[in-house]
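Novice: Residue numbers (my numbering): 13 to 706.
These are calculated hints, taken from the structure and not from any lab test.
Each residue gets a CB set at the ideal place from its N, CA and C atoms; glycine is no exception.
Hints are supplied without guarantee of correctness; some may be wrong.
[Stated by the list, open to error] Straight-line distance between alpha carbons at most 20 Å, and here's what the computed SDA-like set of lysine to any residue pairs gives: (1) K102 to Y318; (2) K84 to G43; (3) K340 to E451; (4) K417 to L352; (5) K84 to H154; (6) K102 to V28; (7) K84 to V28; (8) K513 to V342; (9) K615 to E658; (10) K84 to W235; (11) K270 to D611; (12) K270 to G199; (13) K471 to E451; (14) K512 to K471; (15) K396 to R364.
[To be verified] Pairwise CB distance ranges, derived in the manner of DEER restraints: (16) G631 to P501: 31 to 39 Å; (17) Q583 to E623: 17 to 25 Å; (18) G397 to Q583: 40 to 48 Å; (19) R289 to K600: 33 to 41 Å; (20) K406 to A261: 30 to 38 Å; (21) H290 to D129: 14 to 22 Å.
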Amino acid sequence: MYATPLDLPDFDEEVVTEAHVRFFEPRGLGGKAALITLDNGYDHTKPSSFGPGGLKNLWRALDEVDAAEDVKLVAVTGKPFIFLAGADIKLMPSLESREQGLMLAQAGHALYKRLKDSAVPTFAFINGVALGGGFELALHCHYRTVSTSAAGLGLPEVSIGLIPGWGGSQILPNLIGVEKAAQVIVGNPLNQNKMLKGKDLVPLGIADAEFEPADFLEESLDWAVRVATGAIVVERPEVDREVWPQVIAGARKLVDEKVHNASAAAVRALDLLELARHASFEEGSLAEDEALADLEAGPQFQASIYAFNLVRALGKRPEGAPSPGLAKDVRKIGVVGAGLMAGQIALMFARRLEVPVVMTDLDAQRAEKGLAYVRAEIDKLEAKGRTSKLKAAKLRALVSASADKSVYADCDLVIEAVFEELSVKQAVFAEVESIVSEEALLVTNTSGLSITAMASQLKHPERLVGMHFFNPVAVMPLVEIIATDSTDPATLATAYAVAKKLKKTAVGSADRPAFIVNRLLGRMLAEVTGVVDAGTPIEVADVALDELGLPMRPFALLELVGLQVCWHLCQHLNEDLGPRFPASANLKRLAEADFPVFDAAAKGKGQLTAEAKALIELGNQPSSAEEVKQRVLRGLAEEVKLMLDEGVVPSPKQVDLAMIMGAGFPFWLGGLTPYLDRVGVSTEVSGAPFGSVA
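Could you build the full structure based on these sequences and the hints that come with them?
Specialist: Okay, here's the thing in structure tokens:
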């Protein structure tokens, strides 16, 4: 028997979402409409969510509706811009036992079932953010409208080690088909937690009608009245159940390819989707309850809570950032270089800061080629509906290109994105410094070269700062901000302020080789290529880390980054940090090969061609996959300890934030250091878990 919200113990909730009921008599309805508005009393910057208190309030609101006479329809909506952001994640660590988690799952089901089983038509007016349990609340209503401006919609639970546990895994596939449901429930969370927008819901079959935001509530109510009176009949296509087994099999293959089945939540979610084909809603709900209770008590969800709180806290208030009040205004930007990375950076600055951006290169032909790339990308954004025609025209006008660096004279910030060679960057800054004003910032996008060395030849080294963006720039959320001993507070504050306007998560790093992410990924790749040199077959070494569920296996990462770039990084790390970053002979051979090294038919999977495999020379000391994994983990633990000792980062949290946002380490690992603590490697290598470091 279900626990109801009224059976839940009281928690110490910081904010409780209220459920306000209004009754009125719309023309033509022939009775009352009940509108329930969910509101936690704050503006849209603090979304409403459900803890036990919120669940109880909606339960009582439904009691009030049931007690009223002549109610012909019931609608649920939210405060401005927010429908409901799901369960209150902050309360999850307060669950004292699996039994409490099970009660919370059952209480949500019992509450939402009242909307699903209501004899009176129920409607969800999705006016804004609807995530997790909020999205599931809408699914339980008989009908749904959505605002075309709504964003932040979906079922992201798998990304934080859970499953949609309040009916989503059972209702959605039976509403829109298992293929679309698998994408929303599993595919999107594993694709950098992709969200849906309001305009997506009607084509997917999730919402029945969409309206513009200006009069969304009025139009939704009018539409609901016509549905309740029979003037509008909502027809939904029959779900194809024959394709169910093939879709689930394909989804399982995707999860294996994406995270090598390391996500317990993704595997469990697919089990529930498979069950939804023939199970009754009651049976599916009971299975959801058990799955949710199991996962809430498991290590992956606990790690996810740490990662979630980390991203939310440090992502908003970067550790070590100066006062924002010191930041300078940035009204025009210069980008040195017009290659792929420079073009991505130029477009990002234009889109986010909406200021003029000028690119230069060695000659007019190169500069124009870079500008053509930017304009082509703007065309794609417009064609996909990701920017309006007016905004696209504005972006085209903001970005220009030239072969003459004098265009930087009135720039407030100039960033270089040229070849990763110290002497080249020094020459660039020497030329640019002679052109720009004394107030202008100079920024390097280096992925690991010494910024102190770049600054050593400047007249004003205090205005140079590193902002290392990750490729692809528009997608990767991290920027590493690197100050030298000479960088002044105003320069550093401006870099952090710009990162915030760019909607990037900023992590500070000391000026040490490869900074944070590339240093750790470099150590990982050094260990993997090292065991191959020693005699371990690539097929063994490449799968050794599958248990972590990283977004790419090592050789796929080598393919993405480029062998020449990786070899370049390997050399620098070997020179700067010593023999723990060996210069792999096999990596050098592959990087210098004059033929395709990776199999084009398996693009993105890091599979070598037969010719490339013939270049590999194995030693006589092979390791097992488990031995490779342990070697890599010990290497990473050692490197984190050294980075902390060197002051590269002030705390392990900065390492975790950087690896989550810059290297795609999944939330269910908790980043890097909680995983190393959990498996005991931190203590083995450093004598204590990283979690004990202040």
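Novice: Could you run down the list of hints and mark each one as holding or not?
Specialist: Status of each hint after checking the structure:
no., hint, in the structure
1, K102 to Y318, "holds (10 Å)"
2, K84 to G43, "holds (6 Å)"
3, K340 to E451, "holds (9 Å)"
4, K417 to L352, "holds (19 Å)"
5, K84 to H154, "holds (13 Å)"
6, K102 to V28, "holds (12 Å)"
7, K84 to V28, "violated (29 Å)"
8, K513 to V342, "holds (11 Å)"
9, K615 to E658, "violated (38 Å)"
10, K84 to W235, "holds (14 Å)"
11, K270 to D611, "holds (19 Å)"
12, K270 to G199, "holds (9 Å)"
13, K471 to E451, "holds (12 Å)"
14, K512 to K471, "violated (28 Å)"
15, K396 to R364, "holds (18 Å)"
16, G631 to P501: 31 to 39 Å, "violated (51 Å)"
17, Q583 to E623: 17 to 25 Å, "holds (24 Å)"
18, G397 to Q583: 40 to 48 Å, "holds (45 Å)"
19, R289 to K600: 33 to 41 Å, "violated (53 Å)"
20, K406 to A261: 30 to 38 Å, "violated (47 Å)"
21, H290 to D129: 14 to 22 Å, "holds (20 Å)"
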